[in-house]
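*Asks:* Residue strings, one per chain:
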Amino acid sequence: MSSSGEDRSKSEISFTVNGEQKTVLAFPMERLLDVLRLQLGLTGAKEGCGEGECGSCSLLMDGTLVNSCLVPALQAQGASIVTIEGLDASAGSQRLQEAFLECGGAQCGICTPGMILAASHLLNKNPRPTLEEIKEGLSGNLCRCTGYLQIFEAIATAAGRETAASS
Amino acid sequence: MNHERIVGTAVPRKEGREKVTGKAVYVDDMVLPGMLYGATVRSQIPRGRIKKITFETSVAWSEFVIVSAKDIPGKNCIALIGDDQPCLASDSINHPEEPVLLLAHPDRHALRKAVDAVSIEYNPLPAIFTMEESERGSEIVWGTDNVFKTYLIQKGNVDDVWSRADYIIEGEYSTGAQEQLYIENNGMVAAYDAKQGITVWGSLQCPYYVHKALMALCDLPAEKVRVVQMETGGAFGGKEDYPSMIAGHAALLAMKSGKPVKIVYDRAEDMAATTKRHPSRTRHRTALSRDGKILGGEIEFTIDGGAYATLSSVVLSRGAIHAGGPYYWPSVRIRAKAVATNAPPHGAFRGFGGPQSIFAMERHMDRIAQVVGLSPVEIRRRNFLQPGQTTTTEQVVRELIDLGKLLDRAISVSEYQTKKQEFAIENGTGATKKGIGIAAFLHGAGFTGSGERYLSSVVGVEGCADGGVRILVSSTEFGQGTKTVLCQIAAEALGLRYEDVTIAQPDTTEVPNSGPTVASRTVMVVGKLVESAARGIHQTLKLSGMLGDSYSAEEFRAACQAYVAGHGQLRSWAQYDPPPDVFWDDEKYRGEAYAAYSWAVYIAEVSVDLTTYSVSVNDFVALQEVGRVLHPVLAIGQIVGGVAQGIGFALFEKVIWQQGRMQNNQMTNYIMPTSSDLPPIRVFFEELGNVHGAFGAKGIGELPMDGPAPAIVNAIEDALGVRFDSIPLMPEDIYDAITARSLRGEDEVASVIR
Ligand code: FES
Ligand code: FES
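Order-wise, the sequence lines are chains A and B.
The first sequence: position 103 = 103 (the numbering used here), numbered continuously.
All you need for the numbering used here is the position in the second sequence, starting with 1, plus 1000.
One should not assume that every hint holds.
Coverage of chain A stretches by chain B, computed from C-beta distances (three or more under 8 Å per stretch; other residues unrestricted) [what the hints assert, rightly or not]:
{"hint": "1", "region": "71 to 82"}
{"hint": "2", "region": "111 to 120"}
{"hint": "3", "region": "143 to 154"}
Simulated crosslink set (BS3-like; lysine-lysine; CA at most 25 Å straight-line) [to be verified]:
{"hint": "4", "chain 1": "A", "residue 1": "Lys22", "chain 2": "B", "residue 2": "Lys1023"}
{"hint": "5", "chain 1": "A", "residue 1": "Lys10", "chain 2": "B", "residue 2": "Lys1113"}
{"hint": "6", "chain 1": "B", "residue 1": "Lys1155", "chain 2": "B", "residue 2": "Lys1195"}
{"hint": "7", "chain 1": "B", "residue 1": "Lys1588", "chain 2": "B", "residue 2": "Lys1155"}
{"hint": "8", "chain 1": "B", "residue 1": "Lys1075", "chain 2": "B", "residue 2": "Lys1293"}
{"hint": "9", "chain 1": "B", "residue 1": "Lys1070", "chain 2": "B", "residue 2": "Lys1195"}
{"hint": "10", "chain 1": "B", "residue 1": "Lys1224", "chain 2": "B", "residue 2": "Lys1259"}
{"hint": "11", "chain 1": "B", "residue 1": "Lys1155", "chain 2": "B", "residue 2": "Lys1293"}
{"hint": "12", "chain 1": "B", "residue 1": "Lys1654", "chain 2": "A", "residue 2": "Lys135"}
Partial pick of chain B residues on the chain A-facing surface, computed with a CB cut under 8 Å [what the hints assert, rightly or not]:
{"hint": "13", "residue": "Thr1021"}
{"hint": "14", "residue": "Arg1267"}
{"hint": "15", "residue": "Phe1478"}
{"hint": "16", "residue": "Gln1666"}
{"hint": "17", "residue": "Ser1676"}
{"hint": "18", "residue": "Leu1678"}
It should be emphasised that the hints constitute simulated quantities derived from the structure, not laboratory data.
Cβ atoms here follow ideal geometry from the backbone N, Cα and C, with glycine treated the same way.
The task is simple: from the sequences and hints, build the whole structure.
*Replies:* Spelled out as structure tokens, the structure:
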């Protein structure tokens, strides 16, 4: 189990994260979640379950919402990835973050990065979701603190503002 | 009366921005130079003795740091109330997740393989897994009789009532284990330095519990142990006692290796090895008069504590005191008992014994209603505690609570009566049956009995060099809003802006011991102390002639700056001082059990699908009196979140045990409510104008966990006409009960009717 032997089976994997080009050396089957957290220091994605159930490791990969604990690093080759750290900039995501703050959408905060990414993904596809559509959009993200209602409210609030801002 | 500017408003959560931008730092986000990862080798059998430990030769063991019980510098225990739980088993094994060895290595993957490459041989001993086996005593697995603790609460002479009773009604109710399922798993980082001692950073609720445990384990003086709380991703009681274990493990590995060590559990380990809600069994035998008034009763409350004593005695105490619900008992005898089994120790979970005994009481009230022939509404109304009456511990109700009024309002907002009639008609046909159920309850805020007196909490408030104010408490934030609400209180007390007040991250080298963050005590007890310590800052500035009685925020800032520049420091401390009229007898378990109670009436509406036997909660009304609501958004968040966990407790969350071990220790097979499982949860607050706590606030955090399960199961009985006295209530249980009833062809007869 010498470390030089291990390096030989690692591959160079290149992708874009939050608009920046990155190349990492990783085992092909290493979890994208670990690559981002340990190699790139992007700790906004959290590990809640490691088996695709909780969504706290959610991120956007080529515009799709994925659980990064289930994505092998190799699959990220050439992909464009957005994490919570990269959401900061756009006006739409700021509205979401503000709405989460105001409405009580974040309590302990551990599910929040994943929730906000899921919400942002939803609003990109569907700027005025109904309550049912919001519930559906969050179906892969678990929150143990809030009982979800204030999260729904935050998303509806942000959606309302989004529409107001664009009209 | 409410002329406050900050208290009562929805100011932004203090640490909210870090949380919504992903910048908040949790323990697993922490990396120290040269850090190793640590892992735990656990027992695989429920009970026995270790015969031999073998290290398979496939692993390069010289690369690993290995710690066993022999490496413990101090006492091999996790010091809490008692010292019976070892940090590492050296010989005896008492449950199947007992830590035996610790390993550390720079590579996490190598570590996992190494854990699997340790094999332990045992001389197995017979083990017990149920309360009944434990009570039978055929195997003694703890102490001399398998009993961790008993309490006896006696009021009046209950033996006299049976002969006068028009009805004697019996029932037995049980609740299952429940996993806290905070989304952030438990974790700790430890670093050791011979001069400074040990430092741990972690996900935890009670920094000074960890501090005490590390002092005993590492044999270090107080000043050589430092505990820092990191942002904590949910706790709910689940990070009250077990973090001391993980901190101990990380500390031992750090001491032996001389390097920082991180131990973060994965979900499977967290669920299997750490604490859960105590399973319970409650037996009621109640005497009633013809008009449905409780004359007296006997309540037997038993909880399964698992293999070690840990917090069971305190959970038992709260459960026993809440067992009589919000009702007047002229006489009562409550026998409470916590027993040992060979499962990992059960521990704190929001409500702390209350949800267990209240489930029983509120199911039993519906049972009583049926036998006596009154409605669930009327039976409760006739028995509600009134101001001036005494509780089961003979505490006089001094709060001007009007439970009848709470009930009326809940009935009206839930449209209880209309729905009841509608459902009675609709349920005749169709494969979906609807029902509506009530639960009325109370929850004591703060430590039980003399607890607060023993704790004697201290808080500090500091005037800073920049003129701002900083709160120093060991009370932790794990989502409930501790930081926000305490800052609101200090800002209000000093007439400052919310932005002028900050709060220190709990670090035992910086903050005094304001007690553990448990028991819904933070706002009421710690908040009150923050208020008086804050006023002390103004007092000092005033005495020094730098500030008058009325001042602007800018004037305060200038005075504070000038004082700190001149004197070096401006600090004010406040210590808990028990109110003089509070009486509690620890021996007889009698007196003022809690400084204040919160009160509530919850109403659940359900439908049961008779093709799938699944239950949906369609509407939920949560009405409560929690004193002054200091932050409306946070308060609603506490209630909704608690109700969601209560719905899980009733209908979703079932721990499957085999030989003392959790079998479904994954999020895929232990199911908590998702975004589509919850009804609208409508939250209402009554405010009575209280005198308790900071600006009239009482406890809120645990209350919402108590009511949902009985309200839901009462509603299910209303829908189906079938009794269910055990939770979690799964579709298969409903199927079995309905099939059994149709085989019997009739309803069972009421237990004892005179
Ligand atoms: S950690 Fe990836 S879904 Fe839970
Ligand atoms: S805010 Fe704590 S899990 Fe969602």
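*Asks:* Output the numbers, in ascending order, of every earlier hint that fails for this structure.
*Replies:* Structure breaks hints 1, 6, 8.
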